[in-house]
Amino acid sequence: MLKLRFFASLKDLTGESEMEVELKGETSVREVFQQLKTRFPRLEKYEPVLLVAVNQEYSDMDSLVAPGDEVSFFPPVSGGAR
Amino acid sequence: MADRYSRQVLFSDIGEVGQEKIRSSRVALVGCGALGSVSAEMLTRAGVGKLRLMDRDFVEESNLQRQSLFTEEHVSKGVPKAAAAESTLRAINSEVEIEGVITDVRWDNIEGLCRDHDIIVDGTDNFETRFLINDVAVKHSLPWVYGACVGSYGISFAFESGTFACLQCLFERPPEVGTSQTCDTVGILGPVVHVIAAYQVTQVLKILTDQSPSRKILQVDVWNGTWQTLGAERAKSQQCRCCQQHEFRFLEGEETTRMTRLCGRGAVQVSPQQKGPPDFHDLSQRLDKSGQVDFNQHMMRIQIEGYEIALFADGRSIIRGTEDISEARAVYAKYIGN
Ligand SMILES: [Zn+2]
Numbered sequence: 120m121l122k123l124r125f126f127a128s129l130k131d132l133t134g135e136s137e138m139e140v141e142l143k144g145e146t147s148v149r150e151v152f153q154q155l156k157t158r159f160p161r162l163e164k165y166e167p168v169l170l171v172a173v174n175q176e177y178s179d180m181d182s183l184v185a186p187g188d189e190v191s192f193f194p195p196v197s198g199g200a201r
Numbered sequence: 002m003a004d005r006y007s008r009q010v011l012f013s014d015i016g017e018v019g020q021e022k023i024r025s026s027r028v029a030l031v032g033c034g035a036l037g038s039v040s041a042e043m044l045t046r047a048g049v050g051k052l053r054l055m056d057r058d059f060v061e062e063s064n065l066q067r068q069s070l071f072t073e074e075h076v077s078k079g080v081p082k083a084a085a086a087e088s089t090l091r092a093i094n095s096e097v098e099i100e101g102v103i104t105d106v107r108w109d110n111i112e113g114l115c116r117d118h119d120i121i122v123d124g125t126d127n128f129e130t131r132f133l134i135n136d137v138a139v140k141h142s143l144p145w146v147y148g149a150c151v152g153s154y155g156i157s158f159a160f161e162s163g164t165f166a167c168l169q170c171l172f173e174r175p176p177e178v179g180t181s182q183t184c185d186t187v188g189i190l191g192p193v194v195h196v197i198a199a200y201q202v203t204q205v206l207k208i209l210t211d212q213s214p215s216r217k218i219l220q221v222d223v224w225n226g227t228w229q230t231l232g233a234e235r236a237k238s239q240q241c242r243c244c245q246q247h248e249f250r251f252l253e254g255e256e257t258t259r260m261t262r263l264c265g266r267g268a269v270q271v272s273p274q275q276k277g278p279p280d281f282h283d284l285s286q287r288l289d290k291s292g293q294v295d296f297n298q299h300m301m302r303i304q305i306e307g308y309e310i311a312l313f314a315d316g317r318s319i320i321r322g323t324e325d326i327s328e329a330r331a332v333y334a335k336y337i338g339n
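So the sequences go chain by chain: U and D. So that you can map any letter, position 36 of the first sequence is 155 in the working numbering, and since no number is skipped, the others follow by simple counting. So that you can map any letter, position 188 of the second sequence is 189 in the working numbering, and since no number is skipped, the others follow by simple counting.
To be clear, the hints were calculated from the coordinates, so they are not data collected in a lab.
Now the stretches of chain U that chain D is said to cover, found in silico as 3 or more residues with beta-carbon under 8 Å:
no., region
1, 123 to 136
2, 168 to 174
3, 185 to 195
Using N, Cα and C, we set each Cβ at its ideal position, and we do this for glycine too.
Produce the entire structure from the sequences given, and follow the hints as far as they go.
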């Protein structure tokens with residue numbers, strides 16, 4: 120299993136702050152995200168602008184993940200509360 | 002007031018030496034909304050030498066819930082935020098040289114406004130200005146501290162781009178409109194502003210006293226009680242156009258024509274930064290040989306080579322027939338110009 124965590128607007132979009140997905144072997148974050156998009160098509164526009172963390176370390180879509188890892192997705196946050 | 006900073010000096014990682022460094026520091030703060038006003042107050046109380054704050058807005062009633070430097074009187078008099086902040090901060094600490102600058106920080110003035118400072122603090126509300134700050138910071142080897150919040154969520158990171166990642170290492174370009182929520186659409190909770198500003202100012206004090214700021218990206222959701230830091234030591238990109246190749250595209254004004262993909266509409270919106278009314282007559286004469294052109298006082302519609310360009314009196318265009326930014330940029334440049 121792979122643990123996924125969603126923050127800010129992504130949490131609202133998926134309706135979950137975290138979820139687990141089946142993972143057979145090593146794969147890229149991008150591949151995981153493609154699967155997610157089929158469930159949550161509105162994720163698509165976030166793809167080029169997401170921050171991705173694997174096991175709490177900054178990563179990117181090309182990073183490889185394995186069962187037991189934790190992937191976090193953060194949307195860009197721009198507000199300075201003007 | 003010899004006693005003024007005594008508690009801060011007692012804090013051993015600052016001490017007399019650190020306090021003297023803080024006292025001789027010059028801080029540039031871009032944006033004086035919620036994050037900016039909370040940061041400004043803490044920096045002023047901490048005793049920085051000089052604080053320049055820049056903002057383009059007036060104080061409004063909806064600001065008072067979280068923007069701690071402003072009062073009802075500022076609202077009723079419609080005082081510019083930079084001026085209101087300046088007078089409040091001077092009353093708090095007369096030893097600090099406070100300078101409020103009422104201005105829209107842009108590519109053509111940011112260098113002059115920020116260069117002669119030791120650090121830049123982000124109090125802005127948009128990514129375009131942050132990419133400008135990042136360009137200036139990288140170009141002049143200045144540290145800067147990013148902070149942003151929306152809803153009950155906030156994020157902060159201290160950029161020291163010489164060794165570590167710059168903003169463009171994390172995001173190649175500003176996220177398109179619609180991918181980042183704004184306070185105008187989902188609101189903002191006062192407490193998260195203070196959490197993020199507190200983290201920002203802590204990093205500023207560490208940097209000003211020659212100590213390493215946190216190398217982690219902080220993200221916090223005060224309502225849901227989650228607090229997470231992400232290690233960012235490996236975030237520096239060797240391909241970064243800004244900190245590796247020293248291309249300062251935002252600072253050169255090359256990125257000021259804002260392109261927005263209108264998802265699902267098969268269109269791209271182009272908003273030129275410098276808005277002037279387009280000359281519809283001139284354009285129609287120029288274009289009616291190659292396409293079909295109609296216009297009224299508000300807008301112009303051009304059908305040309307499979308594209309439909311709607312050009313508005315405020316300078317904005319919507320180009321239909323593509324969702325590709327670079328294709329739209331080329332169409333715009335070809336038919337409308339720069
Ligand atoms: Zn960089």
